[in-house]
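> Residues per chain, in single letters:
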Amino acid sequence: MKVQSPKSKVQSREKDGGIFVQGLGAVSPAGWGVAALCDALKRDLPLPTYSLARPGWEKPLQVRAVPPPVSHPAFFSHPRLRRANSIAQYTVAATLEALGGDVAKIQAGELRLGIVVCVMAGCVNYSRRFYEEVLRDPATASPLIFPETVFNAPASHLAAFLGTSVASYTLVGDDGTFLQGLALAAQWLADDKMDACVVVGAEETDWIVADAMKLFQRDAIHSAGAGAVLLKKNPDGALAELSAVTDSFPFTQTQTRADAARKMRAQLPEAAPDELICGGEMRKILGEAFVASAAWRCVVACESIRQKEFGALNVGVVGANQQAIGSRFLACSEAVQVTGSAQTIGA
Amino acid sequence: MLFPLPKFSGSANPNRVVVTGAGIVTVLGTGWKINSEGFRIGRTAFRPVTLFDVSQQRSKIAAEADLPEELPATKLSPNSIRRLNRASKMLLHAAHEAWSQAGWQSQENLPVILGSTSGEMSLGEKYVRQALKSPPSKRQQPTRIRHYQVQQQGLDLCNAFDFHGPVTTISNACASGANAIGHAFEMLLGGRAEKVLTGGYDALCQLTFAGFDSLKALSPTPCRPFHAQRDGLTLGEGAAVLTLETLEHARNRNAEILGEIIGYGATTDTHHLTQPHPEGNAAFAAMTAACACANISPEQIDYVNAHGTATPQNDATESAAINRWAGVSAKSLPVSSTKSGIGHLLGAAGAVEAVVCLMALREQFLPPQMSPGKIDPACHFQIVREPAEGKIEIALSNSFGFGGANASLIFRRWK
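Residue numbers (this note's numbering), protein chains in the order written: chain A, 1 to 347; chain B, 1 to 415.
Just chain A, with the same shape it has in the complex:
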């Protein structure tokens, strides 16, 4: 992806009272980790696709699946995760990367962690499998699969793995829901309901989703994974600051998609057109993973700020069928020397 246009320095700011990004995590078709995600975007080449059989069709669907992890993560053998759906595994992996050394503190009860998991298609693989079993013979449909079809199963597995009993919400909606999740977490932290909150956007692949996506975007390639952003009120050592989440502008009878997108952009500081990191470019490389895609954009924005490539970045999401919503991240250090100016990672 092409960015860069060295221009300005981030302004000095007041750090107190803000919400800060303290960790990032990602699982994507590029691999397990933020580094793999950023490397793939820097290479600027579409990742390979894989064939996914679709019943009734000779020609398989092409998807960008998450590759197997290089080494078997220890959490795979946790009792709650052995049989869990892949979306739960992505959720846990991205969260653990974002939490880093905080995992032990949470498990020791020294850090109260809130969880917000955001999905659009959600646990679709087990849902489709379970429903196929129901259609074949409802009397023998698997009781092991059904619980994994519930939207909040990934959040539940994550909470169980970490041993956190603080509030956990699963939000369902289009791509922009991840940014709603950031705003919710920020509200919780501002209200001192917890010490930290992880916001995860996650999706998994299945032929039924890849097939459905073709009805709306013929050339789109379905993908999967998760992105996680850990937020705290504590600015010490933060990677970036969550400066703003715009209003959510829904697509309604009287507010078109274009209207909504325009209003969302109007709430964000302007960025030069030649400096856009388009969501479309990211889609060409990684595929379309709905809420996970929005999460990846935020992760990449924060990582770019951490790498001092930019002093500020906007992430604008014009979602699949619900809303236009944007967020803005800032560098944390008082006067960071940066190589780029305010950017928008657009829809």
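No lab work stands behind these hints, which were simulated from the structure alone.
Worth double-checking, as some hints may not be accurate.
[Said to hold, decoys possible] Mimicking DSS-like on lysine-lysine, the simulated pairs with C-alpha atoms at most 30 Å apart in a straight line are:
1. A/Lys214 - B/Lys216
2. B/Lys138 - A/Lys59
3. A/Lys59 - B/Lys133
4. B/Lys75 - A/Lys263
5. A/Lys59 - B/Lys75
Mind docking chain B on chain A? Use the hints.
For chain B alone, kept in the frame of chain A given last:
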């Protein structure tokens, strides 16, 4: 902006949050009046499932709602109305009642916070059936995909009443409706909104029915919450919508107030994906947190609308949690599960049961559960088993879901 959220209240003190409209759809009927009459006498309304084939399932009954043939007049376009399905219609009926009662007007930016476990899942099921049976046929498939998703039902409300919300859908299994109301309450409490449209909805669908049946969680007979011989839940369907606003906002427009929300607690039970901790630790914590939020003690609660699904595990856990939470006051605490009459409404349960609490507070009755048989001796509290008038000032509603999502809401009578 969603963050930083504007503060509508200049006061450093938390706002008081009141309910100015409530709409409800259950198997008992559509609207406050018919439902209130049913809950007052503990009417049960289970019947054989007709919406899909249950001939191969253990359980063959549910609380299927009869919906009015006519939809209420709204600003939805004819095309949008034509595409509404069962869950959307129930939500629209409930929202219309609440909206009309509150006397709200169309406005630019009104948050909508809903709870649902499955949206319009029957459309998703149709999509899968057609994709498997006639793969090349795309007839109606795009519409099914678009309208089965939960965000579409929220957008339908925006279109029906002509406002541009942020639409937030919480899917925390059976606590979804309670979490939605709780989240709306917290927004108002913290001065981050002046009014919020909130509630929950879920329609019966084959996937969910077969799922609970596969877990052997469904009873073949009408459910018997807290009974010694209870053997599972009975599914139902419905919707409930509340218009919440700050007291200041309601008073400024001379709105009629139905009740006040004073407490909310939400916790996560990490014991198991589908089974609660045997001692009900997270349930206890949710009730305790709600009381702390309301700044009251358990002895001040006059009625508990229990989650009470009638599964052996849920009711044992909830009993243990209520016993522990209420302490010595448990023995005189009236508790009932209105699921005994209308079934388990999943994502709608918390919202519908919130309206039941408002009915009890406003009309001063204790909703009974009329199922016959012996109550589990583990219940140290008083199960309401006969219709009764009562002096109820404060009521608590529990909602506990798959995945360990636990929520408690506390309501106060408005005088």
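> What are the numbers of the hints that this structure violates, sorted from low to high?
1 and 5
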